[in-house]
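**Q** Work out the full structure: start from the sequences and follow the hints.
First to last, the sequence lines map onto chains W and Y.
Going left to right, the first sequence walks through residues 221 to 309 as the numbering used here numbers them.
Going left to right, the second sequence walks through residues 333 to 785 as the numbering used here numbers them.
It is possible that part of the hints are untrue.
Here are some of the chain W residues that sit facing chain Y, going by a computed Cβ distance under 8 Å [claimed, not checked]:
#1 241
#2 242
#3 244
#4 245
#5 246
#6 250
#7 254
#8 255
#9 300
#10 301
#11 304
#12 305
#13 308
With a Cα cut of at most 27 Å, we get these calculated DSS-like pairs of lysine-lysine [to be verified]:
#14 306(W) - 460(Y)
#15 460(Y) - 552(Y)
#16 455(Y) - 306(W)
#17 306(W) - 552(Y)
#18 727(Y) - 421(Y)
#19 578(Y) - 611(Y)
#20 578(Y) - 342(Y)
#21 578(Y) - 734(Y)
#22 730(Y) - 421(Y)
#23 728(Y) - 611(Y)
#24 521(Y) - 288(W)
#25 730(Y) - 424(Y)
#26 521(Y) - 306(W)
#27 525(Y) - 306(W)
#28 336(Y) - 734(Y)
#29 525(Y) - 288(W)
Because the hints were derived from the structure by calculation, they are not lab data.
We put the CB at the ideal spot given by N, CA and C, even for glycine.
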Amino acid sequence: MKRGGGIPLFYTHAMTIYCHQLGIIVEFSYCISMNDGLPCRNSIGCYKERTDIVAILREKFTDEELRKAFSDTPKSRIERIIESIKNEE
Amino acid sequence: MDRKIFLNEKDMPKQWYNIQADLPNPLPPPLNPATGQPITPDMLAPVFPMNLIEQEVSRERWIDIPEEVLEKYLIWRPTPLYRAYSLEKYLKTPARIYFKNEGVSPPGSHKPNTAIAQAYYNKVFGIKRMATETGAGQWGSALAFACNQFGLECKVYMVRVSYNQKPYRRILMETWGAKCVPSPSPDTKAGRKFLEQNPEHPGSLGISISEAIEDAVTSKDTRYSLGSVLNHVLLHQTIIGLEAQKQLAMIGEYPDIVVGCAGGGSNFSGLFLPFVRDKIHGKKIKIVACEPASCPTLTKGHYVYDFGDTAETTPLLPMYSLGHGFVPAPIHAGGLRYHGMAPIVSRLLMDGLIEARAYTQLETFAAGITFAGTEGFIPAPETNHAIQCVIEEAKKAKEEGKEKVILMNWSGHGIIDLAAYDAYISGKLEDYVLPDEEIQRLLKDLEKFPKPK
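**A** This is the structure we're talking about:
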């Protein structure tokens, strides 16, 4: 993962949003790191009206990291259950 | 006419209704992507007790509600059916609007209808302890309440950032005796892995789910619990619609339109499934599922087998889907966040027995404010989607000069979710509608997968 990358500091301190999954206000820094250091898959939809989120993500993450973060379909609960059972087995 | 229609406790339904007995086209089973074969009940046995798995696959039309569950339901059930006189007056509509108030349960939503049932079935199966995850805290508090009622231990993995910032749901859980821990926690292998990377890890819903399931699989006498999507969850919720049918019959009414908000499908199904049975048998009734325009699973998705991930290791579930690459826009309804809908709801939509509409978040919050300003109750954010549809239908009835009867599931109150209202009132919410061309592009990802027959 790129470090620094020219990201203005205000992105990580000033921008907050109400997260529909958690029902609370979260900082932008959470949204772009909560997925094991990668962005939340919802981050583009959540911020696209407010900022050039794609440009920010491209600056901060490699193409491979972005593919990992966004190429999967969001998992349903039942999918996560079966996946977790398999992991435990 | 009375504003509230009460059902006597002795008249509370004694059976749940199982739509699987009446589906014109049986529900295709979820498939194992590794084999392409249906997932078998034993695959779910590590996380659910077999009596609930049996309900999951049952084709029995009526399933008796155990006496012990009925006794617990009586804490808040039967729930009142309200005539929304003030909303009707405000809208100057000839429509008669009724709403089933599921916000009167101890945790404030429809969720304990299945939490109580699941706790009971786990207990009689010999389970001593239940584990689950929670994001906003609604489901966690419902299960905490249910486990408390049946003397079961309850462990709730609550996303750390939510645990720290939203204490009231956590306090509810702890008041009902549950152990609520911030996730990632040191209590599981999955949690420890994330804490080793970052001791202050804020958590995520995915991590919490992994922790809860690991807990259920590895702990003695413990099972996992889920509050939506699954067939048995929808089954337990049908008491809502069965009660409503009795209450409407008491005043000589029958709905022309039934409305509910649909995320995973549990509260909508709870109200509409008994009415869709009537429709299958010839009743003329419109049934509408309401969803966020930012996540239009039902209104713009296709019925396909959808891979859960690119590695193709998760089951194939038949459901409406927006496909790979879909990124939901921000919505403020905690219950409306699923990528896919409950398979039963998807099937009924595909069969033309229900319809779906999508609403933007600004119009739904405006509807919620209108409801609070007329009927007084502050709805849960997801409930506002149904209210917007009711308002739309009531206005249409006015234009047509028709005295339609509209029935809505008021799935919960919003007293612990006031931050969303604050964001709306202070102008911090934004609309987002997924463009058609973007949806079409996403759906192309799914064309290679087989469609259910």
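**Q** Run every hint past the structure and note whether it holds.
**A** Outcome of the hint check:
1. 241: holds, 5 Å
2. 242: The hint holds - residue 242(W) has a Cβ within 8 Å of chain Y, the shortest such distance being about 4 Å.
3. 244: For residue 244(W), the interface hint holds, since the closest Cβ of chain Y sits about 5 Å away, which is under 8 Å.
4. 245: holds, 7 Å
5. 246: This interface hint holds because 6 Å falls under the 8 Å limit.
6. 250: holds, 6 Å
7. 254: With Cβ-Cβ at 5 Å, under 8 Å, it holds.
8. 255: Check passed: Cβ of residue 255(W) comes within 7 Å of chain Y, closer than 8 Å.
9. 300: Check passed: Cβ of residue 300(W) comes within 5 Å of chain Y, closer than 8 Å.
10. 301: holds, 6 Å
11. 304: Where the cut-off is 8 Å and the nearest Cβ of chain Y is about 4 Å from residue 304(W), the hint holds.
12. 305: Hint on residue 305(W): holds, closest Cβ of chain Y at ~5 Å, below 8 Å.
13. 308: holds, 4 Å
14. 306(W) - 460(Y): Answer holds: residue 306(W) to residue 460(Y) is near 23 Å, not above 27 Å.
15. 460(Y) - 552(Y): With Cα atoms ~8 Å apart, residue 460(Y) and residue 552(Y) stay inside 27 Å; holds.
16. 455(Y) - 306(W): Satisfied, since the Cα-Cα distance of roughly 25 Å is no more than 27 Å.
17. 306(W) - 552(Y): holds, 18 Å
18. 727(Y) - 421(Y): holds, 12 Å
19. 578(Y) - 611(Y): holds, 17 Å
20. 578(Y) - 342(Y): holds, 12 Å
21. 578(Y) - 734(Y): Since the Cα atoms of residue 578(Y) and residue 734(Y) sit roughly 24 Å apart, the hinted pair holds (cutoff 27 Å).
22. 730(Y) - 421(Y): holds, 11 Å
23. 728(Y) - 611(Y): holds, 22 Å
24. 521(Y) - 288(W): holds, 23 Å
25. 730(Y) - 424(Y): Holds. Residue 730(Y) to residue 424(Y) sits at ~7 Å (cutoff 27 Å).
26. 521(Y) - 306(W): holds, 15 Å
27. 525(Y) - 306(W): With Cα atoms ~18 Å apart, residue 525(Y) and residue 306(W) stay inside 27 Å; holds.
28. 336(Y) - 734(Y): Holds - the C-alpha atoms of residue 734(Y) and residue 336(Y) are around 23 Å apart, at most 27 Å.
29. 525(Y) - 288(W): At roughly 19 Å apart (the allowed maximum being 27 Å), residue 288(W) and residue 525(Y) satisfy the hint.
Consistency note: the structure conflicts with none of the earlier hints.
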